[in-house]
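So you can see what is in the structure, the chains are spelled out below.
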Amino acid sequence: MQQAEPEIIFDDKIEQEIKIEPKDWMPEKYRQTLIRQISQHAHSEIVGMLPEGNWITRAPSLRRKAILLAKVQDEAGHGLYLYSAAETLGIGREEMYDQLHTGKAKYSSIFNYPTLTWADIGAIGWLVDGAAIMNQVPLCRASYGPYARAMVRICKEESFHQRQGFEILLTLGKGSKEQRDMAQDAINRWWWPSIMMFGPPDDSSPHTIQNTKWKIKRFTNDELRQRFVDICAEQVKVLGLELPDNDLKWNEERGHYDFGEINWDEFWEVVKGNGPCNKERLETRQKAWDNGAWVREAASAFAEKRNGL
Amino acid sequence: MESILDKIQLPGSHPAAGIIHYTLHLADNALVIAHRNSEWCGHGPILEQDIALANIALDLVGQARNFYQYAAALIAENNLSSITITEDDFAYLRAADEFKNFLLTEQSNGHWGTTILRQFLFSTYQYFLYRQLQHCSNEHLAAIAQKALKEVTYHVRWSSEWVIRLGDGTAESHQKMQDALNELWPFTDELLTGGLASAANISLDDTLIKTEWTEKITSVIADATLHLPTSRQYVYGGTEGKHTPHLTAMLKDMQYLQRTYPGVEW
Ligand SMILES: [Fe+2]
Ligand SMILES: [Fe+2]
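Chains as they are written, first to last, in this note's numbering: chain A, 1 to 309; chain B, 1 to 266.
Do not rely on the hints blindly, as some may be mistaken.
To be verified - Derived lysine to aspartate or glutamate pairs resembling EDC-like cross-links, with alpha carbons at most 16 Å apart:
1) K177(A) with E265(B)
2) K305(A) with E265(B)
3) K249(A) with D168(B)
Stated by the list, open to error - Some chain B residues well away from chain A (every beta-carbon gap over 10 Å; in silico):
4) H14
5) A16
6) H43
7) K150
8) E172
The hints are simulated quantities; they were obtained by calculation from the structure and are not laboratory data.
Keep in mind the model is a prediction, meaning the values are calculated, not measured.
In this text, a Cβ means the ideal position worked out from N, Cα and C, and glycines have one as well.
Isolated chain A, as found in the complex:
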């Protein structure tokens, strides 16, 4: 069958690595896939502010307080870049928020775990931001222009996030016994959820093939996960701490670390909304939104009034 003209142009651009821009024709499914992925990513940044924001007021030094505040504020900025990128595809921010609040849109499950101690701030930076970077760097070359450009800005800031987390753990690792235990406990709790951040294994990942063809995705979930495990297995030695996996072992033949079985049942439970903090996170977002309604109304009433002058 003959392809319609705009579709040929689109395919050709994808083929030649020319970015698709908002005004270009694109298949409806491409647009929908991007809206879903970008808004989900934006929501993750915003919901992701909560577990760490929880420790800003309790950060144990002024330097840490400033760093954490700057970090969480960066995540808000990332949310902003991504919402703007999604808006270029024809969806409004209010609608995206609505999808978040009603549970229609997802966000990264990792943020449904609680931050119990200060060491969790270290573990999140090192592992969660680390995994996010691994996922995000290839997205800087995603075929949709506004998304790729947002990711470039985001990735620039992410390496600082991972460094500050690693540094927190490094300090704790060199500290008192209580501090070392705190750090190890945080790693024990965050390790498995972090490697689940790469998504289900390739043989049960429904979107991978089409997204790879469209050059939204460049590597498979399992490829990125392996790369992450390999890096962390080395870095944890510098910390003088351990990853909670007895099967973690260097495999000379593969040139990679082997690692233990992931508990995908837990993953799907959290995705379905049964994680430790799903309810709390959504309620917090909803509350912030509702409590702010009068501010937004006032701002638009004011704009109308004064612009009329």
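Following the hints, complete the assembly by docking chain B with the ligands onto the known chain A.
For chain B with the ligands alone, coordinates are given in the frame of chain A:
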């Protein structure tokens, strides 16, 4: 509760006492209001404004650190402690009655409008204060003030725009802002009574600060279609360590880790 001040020998008669106390007062103001603002992070009504307030909090933490570091340097220079005192000791190892911040800065966040208004009342004061402080005889304080002035200029602009927007927004927002103004007004005169600077031999024109502050507040409040409270019932005491329960609660949260695990690196 253990206090770092027990490890510092600073009699009131010591020539450096005045300047150390004044520097701590400047630091405490910045830290306490920064901390309050940071409580909003992730909970603001509009993403862009959440970011803006976090930015202001960051600026103020930065100012606080500069002042605390200078106070710590003064302790070292004058051999007032046998141990090395750091910026964190002042923030994390003093009790509420040892903090010298104005009562306004410690008031709880209330709704978004209360927070914005608290920032506006305080930043306007800080702006006119720093404008003089940047030329004062103490070159360290002058340098910190000069550097911070650009930030504070923005804080005043941002907060005053929002006071006007919310004051003259909807009937609901107008009422909320008027209530917030009535609630915070009793804490404003403490900003204008000076006191600690002269004991530090820093000569400021307090009357000028008061005139400039009043002028700016009056004009923004009028533009916001709000009414300045006529009450002259003011509350004082922050600079002498007589605080409202809000500060105790805030410090309990802020100092939690340092108090639970004393003497370790973070
Ligand atoms: Fe981010
Ligand atoms: Fe991040």
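Hint by hint, here is what the structure shows:
1. For the suggested pair K177(A) and E265(B), the alpha carbons sit about 12 Å apart, so the restraint of at most 16 Å is met.
2. The suggested pairing of K305(A) with E265(B) is violated, with an alpha-carbon distance near 54 Å, which exceeds 16 Å.
3. As the CA atoms of K249(A) and D168(B) are separated by approximately 65 Å, the hinted pair breaks the 16 Å bound.
4. Look at H14(B): its CB is around 26 Å from the nearest CB on chain A, clear of 10 Å, so calling it non-interface holds up.
5. Distance check on A16(B): its Cβ is at least 22 Å (rounded) from any Cβ of chain A, clearing the 10 Å threshold; non-interface status holds.
6. In this structure H43(B) is not separated from chain A by more than 10 Å, as the shortest Cβ-Cβ distance comes to only about 4 Å.
7. Distance check for K150(B) against chain A: the nearest CB is about 18 Å away, which clears 10 Å, and the non-interface claim stands.
8. Taking the minimum C-beta to C-beta distance to chain A, about 5 Å, the non-interface status of E172(B) is violated against the 10 Å cut.
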